[in-house]
Amino acid sequence: MTALGKLFLFAVLGFLYLPVAVLVAMAFNASPLYALPFEFTTHWFEELAGNDKLLAATRNSVLIAILTTVLATVIGALAAIALSRRRFRGRTLLRLLLLPPIAIPWLIIGTAMLVFFFWTGIGRGLHAMVLGHVALAIPYVVLVVGAGLNNTRIDLEEAAMSLGSTPLHAFFAVTLPLLMPSLIAAALFAFAVSLDQFVISYFLATPGVSTLPVEIYTSIRKGFTPEVNAVSSLLLAASMILIIIFARLTKVGGVSGRR
Amino acid sequence: MSEPQSGAPARRGLSPGAVTAALVTPAYLWLTVAIFLPLVAMLVFSFLTAAPFGNRAVEFTGAHYLVFYNRPYLVEVALRSLALGAWTTGICALIGLPAALALSRAFRGRTREVLFFLVILPFWTNGLVRVFSWTMVLRENGILDDIVRAFWADAPSIGILYSYPAIVVGLVHAYLPYMILTCYLSVVAIDDEILEAARSLGARAPVVFGKIVLPLAAPGLIAGSVLIFVPVIGSFMEPRILGGTAGVTIGTVIEDQFTQAFNWPLGSALSFIMLAVVLVVFAVFSRALRGRLTLS
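Line by line, the protein sequences are chains A and B.
The first sequence runs contiguously to residue 280 in my numbering.
The second sequence runs contiguously to residue 330 in my numbering.
Just so you know, not all the hints are guaranteed correct.
Just the calculated beta-carbon pair ranges, DEER-fashion [claimed, not checked]:
hint	chain 1	residue 1	chain 2	residue 2	range
1	A	R174	B	G88	34 to 44 angstroms
2	B	I192	A	L25	19 to 29 angstroms
3	A	L255	B	E93	42 to 52 angstroms
4	B	R183	A	T23	27 to 37 angstroms
5	A	R269	B	R183	36 to 46 angstroms
6	A	A194	B	G88	52 to 62 angstroms
7	A	A194	B	A310	43 to 53 angstroms
8	B	P106	A	V83	21 to 31 angstroms
9	A	M261	B	R183	30 to 40 angstroms
10	A	K27	B	I181	14 to 24 angstroms
What the hints contain is simulated information worked out from the structure, not anything from laboratory work.
Backbone N, C-alpha and C define an ideal beta-carbon position, used for all residues, glycine too.
Same shape as in the complex, but just chain A (with noise of 0.2 angstroms):
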């Protein structure tokens, strides 16, 4: 039965990374039409240092994430020590308001927001996908950083006060150390929200300003070629780093939850 057991989980996995290890062995295969044998090759990654269409799209992902990443943790590391550490009419309210975000499917997010963009005359482009990629991020980073002040405990920030420090001196020389591994994880998390962040962006893009995954959905449409495959193995690289960081600072995976 064990042995069944680990037999069939490791199929699953197989199932989960056979198509991603297929993406990136064609990023590296001769053959433009992902044809077999496999030949290796880094010409395609020289190509895309030479496409300035993917290569502006790419910088403006990077800018997108490091904005949002910016003001979501500090406007979320705010509203977090509020929801966990003060007591006040509205708390569960404000809690459930945080679901939304998370929970309606993008595209329905999506074209709201290009309506009210549009309509408002915010319109759209790069200032519109931070407006939109911070809100995205916000209730991440309250979550993130709430269960990080959790598991911060409050007696010693009380300690330093009875000893005569102001709360807001307390918080600073006695909370925020002790909280740093979160806010630095609700960063990262932030960071890769935004990075891989495609409905958003689409129904906010113009013609010129585009991000990294709207363009590779734009080049699949038209037409497969390897350097998609170059560029789609870059940005999985960069999210699988950020998350396996995340997944360090916060202990996910069994020891979560156990202190």
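Take the given structure of chain A and dock chain B to it, following the hints.
Frame of chain A, contents of chain B only:
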């Protein structure tokens, strides 16, 4: 909204309520501008005869909500979208629960943690890239055909790209980690001693599964199903890329209204009908979902 009550003792100048308000206002102001007001705007939009841009005269109408009556083919499209959700969810459950059981029973300690992480890692990578990767595997003379022909040189092509099953494969691949995750969180807590007790009292494997494992795994199965069904009925890039002409779903119809047909009011109405379906699903399963809409 955030009426303060006495929390920490009042300090010089700032009341606790003012501090709380200062802390939460930026986040909720941002969510209001980027999420809640857009949803309201779209609701208003869905009742307009045309997009109110460039001084065009518009009137209020409920006609867009009769779209399924006026365009009967959309009923078929809607049913196909719901069926896509059902197929994907069902297959994910059939693979995901056994996988979660295998993970929680057949592995221990560090190995289990690493495998668990490997299962959920793809979920946080770019979905578009993963869908794209399937086109290379599933197309005619693609990798799948290559694998088959390694064993049987003259095998006919089994490439299924640009078909309904191809969409299901891509969606199952995209959402399976979610089902394994939610099921795992439910079954990992099952005590080995309970199963042992049942067996020693004479219960055979199917009985142990039906009477103990399944009821205890049910919350995870339900949570996973809702969290898969909802995004799948709103999917548009997976049907577009893997389905070809077979890939018309409500999601792609909505995409078209905003990017090709420029019938934004109709697109808004369709989005809102979908949102209504989503809210009904969440309302029905709200108890099973409580506390599960978080990271892990």
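Status of the hints after comparison with the structure:
no., hint, in the structure
1, R174/A with G88/B: 34 to 44 angstroms, "60 angstroms, violated"
2, I192/B with L25/A: 19 to 29 angstroms, "27 angstroms, holds"
3, L255/A with E93/B: 42 to 52 angstroms, "50 angstroms, holds"
4, R183/B with T23/A: 27 to 37 angstroms, "35 angstroms, holds"
5, R269/A with R183/B: 36 to 46 angstroms, "42 angstroms, holds"
6, A194/A with G88/B: 52 to 62 angstroms, "57 angstroms, holds"
7, A194/A with A310/B: 43 to 53 angstroms, "50 angstroms, holds"
8, P106/B with V83/A: 21 to 31 angstroms, "47 angstroms, violated"
9, M261/A with R183/B: 30 to 40 angstroms, "31 angstroms, holds"
10, K27/A with I181/B: 14 to 24 angstroms, "23 angstroms, holds"
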